[in-house]
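Please build the complete structure, drawing on both the sequences and the hints.
2 protein chains.
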Amino acid sequence: MKPTPPYYAVIFSSTRTDDNDGYQETIAHMMDIGLKHPGCLGLESVSEGDQGISVSYWKDLDSIKSWKAVTDHITAQKLGREKWYKSYTTRIAKVEREYSFEKP
Amino acid sequence: MKPTPPYYAVIFSSTRTDDNDGYQETIAHMMDIGLKHPGCLGLESVSEGDQGISVSYWKDLDSIKSWKAVTDHITAQKLGREKWYKSYTTRIAKVEREYSFEKP
Chain A
1 MKPTPPYYAV IFSSTRTDDN DGYQETIAHM MDIGLKHPGC LGLESVSEGD QGISVSYWKD
61 LDSIKSWKAV TDHITAQKLG REKWYKSYTT RIAKVEREYS FEKP
Chain B
1 MKPTPPYYAV IFSSTRTDDN DGYQETIAHM MDIGLKHPGC LGLESVSEGD QGISVSYWKD
61 LDSIKSWKAV TDHITAQKLG REKWYKSYTT RIAKVEREYS FEKP
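Quick note, the sequences are listed as chains A and B, same order.
Position 18 of the first sequence, counted from 1, bears residue number 18 in the numbering used here, the numbering being contiguous throughout.
Position 99 of the second sequence, counted from 1, bears residue number 99 in the numbering used here, the numbering being contiguous throughout.
In case anyone wonders, no lab produced these hints; they're calculated from the structure.
Errors might be hidden in some of the hints.
As the list claims (entries may be wrong) - Derived, one-sided and incomplete: chain A residues facing chain B with beta-carbon distance under 10 angstroms:
#, residue
1, Ser87
2, Glu96
3, Phe101
Glycine is no exception: its CB is placed at the ideal position from the N, C-alpha and C atoms.
In C-alpha cells, the structure reads:
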C-alpha cells in the first residue's frame with residue numbers, strides 16, 4: 001500500500017470485552033468488504049490481549065463517510081458496542097507525510 | 001488521553017526481525033522518555049507476532065520534530081533499522097475528529 005499523501009487514516013483503538021460471540025467472523029467480513037469499498041487504500045489491524053489498534057487508509061473524507069453508511073458496517077458497529085468492546089476511540093486523521101524503511 | 005482535535009498522530013507500523021537483543025529495554029525507555037517529552041499527549045502500542053502498530057499523539061508538528069531529534073531516540077532508530085525491524089512505515093497525520101465509546 002503506497003499511496004502518496006495527502007490521504008486519510010481512520011485510527012480505531014479498542015479494548016475488548018470477554019464476549020467473542022461472532023466477533024472473528026464479523027471482523028473478517030468487515031475487512032473483506034472494507035478493502036473492496038471505493039476509496040479504501042489499505043487496512044492494518046493488530047491485537048494483543050484485550051487491546052487492539054486498527055488503521056484503515058482512505059482516499060478522502062467522502063470515502064470514509066460512505067463506508068460509515070454501509071448497512072453491514074452499521075450492524076457491526078452496533079454489535080461492537082453491545083457485545084465486543086468495553087471502550088474504543090475512533091480518530092479521523094489526514095496523513096500529511098510518510099516514510100518507509102525496508103531492510104535491504 | 002482526551003485532547004481536543006486538531007492535534008497530531010504518528011502512526012508507526014512495523015514488521016519485526018527475529019533479533020530481540022535489547023529490543024524490550026529500548027522500547028520501554030523510548031515510551032518512558034517519549035511520554036515525558038514536551039507536547040506528547042499519549043502513546044499506544046500493540047504487537048501481534050511480528051506485526052506492530054504504535055501510535056503516539058502530539059500537540060503539534062514542532063513537538064514531533066523535537067522528539068525526532070532526541071539523541072536516545074536517534075540511537076534507537078538506528079538500532080531499529082540495523083537489528084529489530086524488517087520494515088516499517090511512519091506516517092504523520094493531523095487528527096481532525098475523534099469520537100469515543102465507553103460501555104456504561
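The hints, checked one at a time:
1. Below 10 angstroms, beta-carbon pairs count as interface contacts, and A/Ser87 has one with chain B at about 4 angstroms; its hint therefore holds.
2. For A/Glu96, the interface hint holds, the least distance from its beta-carbon to any beta-carbon of chain B being 5 angstroms, beneath 10 angstroms.
3. The beta carbon of A/Phe101 comes within 5 angstroms of a beta carbon in chain B, closer than 10 angstroms, and the hint placing it at the interface holds.
In terms of the numbered hints stated before, the structure departs from none.
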